[in-house]
Amino acid sequence: MPTTKAELLQGTLDLLILKTISAAPMHGYAIAQRIQQRSDDVLVVEEGSLYPCLYRMEEKGWIAAEWGKSENNRRAKYYSLTRAGRKQLEEETAIWERVHRAITLVLQTA
Amino acid sequence: MKLMRTIWLRIRSLWQRREVKQEIDEELRFHLDQRTEEFIAAGMSPEDAAREARKRFGNWQSVREECRDVRGASFGEGMLRDLRFSLRILAKSPGFTTVAVLMLAIGIGSVTTMFGVVRAIVINPFFSPNADRLALVWSKEGQTVSTLDYFDIREQATSFAELGAYSLQRVNLGGDHPESLGSASCTPGVLRAFGVTPALGRWLEPSDEQKGAPPVAVISHRLWQQSFAGDPGLIGRPIRLNGANVTVVGIMPADFEFCSPWLYPYTCEIWRPLQLQRDQVGRDTGWWLVMGCLKEGVTLAAADAEIKAIGARFKAAHPNTNARKPFLVSSLRFEMTRYSSSYVWMIFGAAALVLLVACANVASMLLARSVRRHGEFGVRIALGATPGQILRLALSEGLLLSLAGMIAGAGVAVADVRVLMFLAHVADNRKAALVLDGHAFAFAAGLSLLAGLLAGFPPALAALRISVADLLRTDSRGAAGSNTRHRLLRGLIVTQIAVAFILANVAVLFSASYAKLIEANASLATDYVLSAELNLCGARYEKNDVQTRFCEQLAERVAALPGVAAAGFTSQLPLRGGASRDILVNDEVFDPAAERTVAECSEVTPGYFAAAGIPLLQGRTLRAGGVGTNVNDVVVNRALAEKCWPGKDPLGKIIRPNAAVAWFQVRVVGVVGNVCRSAGEPKPPPQMYWTIDRAWGKNTFLVVRSQRPGGTLAPVLQHSIAELDPDLPLSRIRTFQTMVHEATQDSRIVAWLTNYCMIVAIGLVAIGLYGTLSYHVLQRTREIGVRMALGASRRDVVHLIFRQGFGWVLMGITIGIGGALAVTTTLRAMVYEVNPLNPLSLTAATGAVALAAAVACWLPARRASRVDPMAALRCE
Chain R
0 MPTTKAELLQ
10 GTLDLLILKT
20 ISAAPMHGYA
30 IAQRIQQRSD
40 DVLVVEEGSL
50 YPCLYRMEEK
60 GWIAAEWGKS
70 ENNRRAKYYS
80 LTRAGRKQLE
90 EETAIWERVH
100 RAITLVLQTA
Chain C
0 MKLMRTIWLR
10 IRSLWQRREV
20 KQEIDEELRF
30 HLDQRTEEFI
40 AAGMSPEDAA
50 REARKRFGNW
60 QSVREECRDV
70 RGASFGEGML
80 RDLRFSLRIL
90 AKSPGFTTVA
100 VLMLAIGIGS
110 VTTMFGVVRA
120 IVINPFFSPN
130 ADRLALVWSK
140 EGQTVSTLDY
150 FDIREQATSF
160 AELGAYSLQR
170 VNLGGDHPES
180 LGSASCTPGV
190 LRAFGVTPAL
200 GRWLEPSDEQ
210 KGAPPVAVIS
220 HRLWQQSFAG
230 DPGLIGRPIR
240 LNGANVTVVG
250 IMPADFEFCS
260 PWLYPYTCEI
270 WRPLQLQRDQ
280 VGRDTGWWLV
290 MGCLKEGVTL
300 AAADAEIKAI
310 GARFKAAHPN
320 TNARKPFLVS
330 SLRFEMTRYS
340 SSYVWMIFGA
350 AALVLLVACA
360 NVASMLLARS
370 VRRHGEFGVR
380 IALGATPGQI
390 LRLALSEGLL
400 LSLAGMIAGA
410 GVAVADVRVL
420 MFLAHVADNR
430 KAALVLDGHA
440 FAFAAGLSLL
450 AGLLAGFPPA
460 LAALRISVAD
470 LLRTDSRGAA
480 GSNTRHRLLR
490 GLIVTQIAVA
500 FILANVAVLF
510 SASYAKLIEA
520 NASLATDYVL
530 SAELNLCGAR
540 YEKNDVQTRF
550 CEQLAERVAA
560 LPGVAAAGFT
570 SQLPLRGGAS
580 RDILVNDEVF
590 DPAAERTVAE
600 CSEVTPGYFA
610 AAGIPLLQGR
620 TLRAGGVGTN
630 VNDVVVNRAL
640 AEKCWPGKDP
650 LGKIIRPNAA
660 VAWFQVRVVG
670 VVGNVCRSAG
680 EPKPPPQMYW
690 TIDRAWGKNT
700 FLVVRSQRPG
710 GTLAPVLQHS
720 IAELDPDLPL
730 SRIRTFQTMV
740 HEATQDSRIV
750 AWLTNYCMIV
760 AIGLVAIGLY
770 GTLSYHVLQR
780 TREIGVRMAL
790 GASRRDVVHL
800 IFRQGFGWVL
810 MGITIGIGGA
820 LAVTTTLRAM
830 VYEVNPLNPL
840 SLTAATGAVA
850 LAAAVACWLP
860 ARRASRVDPM
870 AALRCE
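Protein chains in written order, with numbering that gives the first Met the number 0: chain R, 0 to 109; chain C, 0 to 875.
Not one of these hints is a red herring.
Non-contacting residues of chain R with respect to chain C, defined by C-beta distances greater than 10 angstroms in every case (computed):
1. 23
2. 38
3. 40
4. 88
5. 89
6. 91
7. 96
8. 98
9. 99
10. 100
11. 102
12. 108
Straight-line distance between alpha carbons at most 30 angstroms, and here's what the computed DSSO-like set of lysine-lysine pairs gives:
13. 697/C x 139/C
14. 68/R x 54/C
15. 307/C x 139/C
16. 542/C x 697/C
17. 20/C x 59/R
18. 20/C x 18/R
19. 86/R x 68/R
20. 54/C x 20/C
21. 68/R x 20/C
22. 54/C x 18/R
Since the hints were made in silico from the structure, they are not lab data. Glycine included, C-beta positions come from ideal geometry on N, C-alpha and C.
Chain R extracted, bound-state conformation (with noise of 0.2 angstroms):
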């Protein structure tokens, strides 16, 4: 099925990343998978963008790294969200939810 490569904007990819991992920690690839999966295969993350984004979601303290095994048996950089990040995830959402509801309100005007 085509995907669309949706344009994200970097702080977009902030807020998904954030929300994917609030549920358990995942590794990089698990996390492009997912947000792919739950999104019903229109968001694709930029893999090239997601690395660097991971990193440096890390620098600011939202995101912890460790390494682990992966299901396949191989060791792999898994991520969890810190409380930082809870807040930061918090936050995030309130801005788009307002963002996503103006938009809304000025397509619905005729």
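Place chain C on chain R using the hints.
Just chain C now, kept in the frame of chain R:
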């Protein structure tokens, strides 16, 4: 928490760069492999799957680079790249690079040299395992301890692990070449306190102190090597000291430094046992230096308090003698550095200021050059360079220059140290300590890093303020960032001028102080007077009258030599302190608690006054032996006459000792001029001169005034003495000129060094001003062209440029005056007879700086006046 995490990640990126890079690669590879497997599971062939996965991933290399950048793991490579680039740029302009490196080299080298000096002379003035715990006990400030007091302290004090008494003398070493050496008679505790083990043989022991024990001595390593050729069989063999055979029982290790107050400029080469008698002595007898090693954990303050308490007990028990002896303890390190440390630190500060000027100079040169690289920085920013990267690039130039400066500076420092050792009278062990070792080089490295950052910072700051939009304008002269650049340049040149002004002021002060010192001692400094030291030791001169007769005989013989105008003996030379006594005059009575006049006592033969050139002001001098001699004559100096009998005629007055029993009573027969006790003394002390038979020491000085410059007399003098006693060496033969020269040496060195700092600083300022003004003229070329087109003459343009330059100079001097006033008030104690706040020195400093500035402004001003208005207007 977040900051800690970031710092930890950065540190990890620096120290474990390879691991961090490998981890990044591993993580990305894992992702790629998972993607490949997914494609294989979907039915692709392995090669196709791999290729698709790669394609989907995007540009593998750039992702890797970006990840590394975020982590900071590419900092090292980026830095190296920047350094290589800066190196190429610097190599393209060798003239600028050479000048900048030279400036930094001089600055870094000077400060490193002073660091070595501070370490060798102030922080660790001597080497000993117990250096921190060596302390001296005094009965009063600068006063020795008596025998009975010493024994009592030894029994009662608990703060000292080792305690001993000693006194310093000169001894005559016999042999093929008799020489006069410094020696200490000490109890065993003194040597043990120093905590070193003998290189050969043993120390002095309590058994050597007993009456009747065979005479032994311990000698220094240097003496062993020089006079006995390092013969290990010397232990147990006798040497001839003061005409008697003394067995050598020990040899000190090579790095042993026996330090003591009052030892300079001699060194101690021989240690002999001190035989102190406890009985049959008065409480006040004995003049011993007491040195000891504090116990572990006992502070100096605690020891001082204990000794003071013991002193108070003495005072209560023996009020007659101990009433004015509060007792105190001072550390040996303090005693050895108390006079020199402030000067050394001051010169260190001056050298640091010179380095500051050099850094500011290099910074302004870099700043002016960065105009040309304006476009390059703009392009970098446009291509996405972060401020951090720009900063790194701009700083790397400064760091490279300072690295080269450090290497060249090491050479400068080595040369500086050589020059210093040549100029200053420094003991051999201190010379060894002054060598620049690993610590000094580490200091130089740290210093050059700091200097590089300082020098590179202003251009970096200017580079950061560049805005890309402004760059696209073709008019690059008026480009953005030039405001910052102008302000920075102005700030830098004004700072340099202010600092140079402060240094000039300090140098003028110390030069004036030295000039005053020379002037005050000018009457003494003559080539026509010779002095030599004689040590009348040994059994032959045991008796006092033998000693007296010998001196009188020798004085007559020497006075009779052709070419000699006068000759005399004295127990202490001018400009060297010696013995002093408390005296009673007029109706004063002995009161142990009262402060009395302290007079310096010299025992002289009558010819001394004429020989030394001390003028007779009133009465007569002492008469020679024979009929009519009255041994109760005394000659006083003007200071004593004015102190004790102000306004009255001193002739005929009686002087008595400040003791319960008046064991002498002398009558004043004459008044002579004043002679200082040390070169820098503001007021000469009261002095009295009496006949030589009162001399109790073995050391005496022959003073000879000749009709020709004194140097030629030395062999003749030796001959005369050899006729009377062939074993007696005549040592330290020098003219009074040399004597004054040596006494004023410290002041002279300080003046030289501060002048050196001033000259270097002013030279740097001149170069900096020239450079800044040239850049300024370049910036204003168009304006100058317009002015000239509108009718300004060449002279007007020159005035314009001079005004600009001198505006900076004025600003710098104004700021500098405040700094100079602050600095020189703290220097008040260090200058001789010169008021630090006098306007003459400020004027002289201003003059020096202004002169240099005028010379520096001249060329740019001339160049500005040569501007062709049409070319200037056209060349944008």
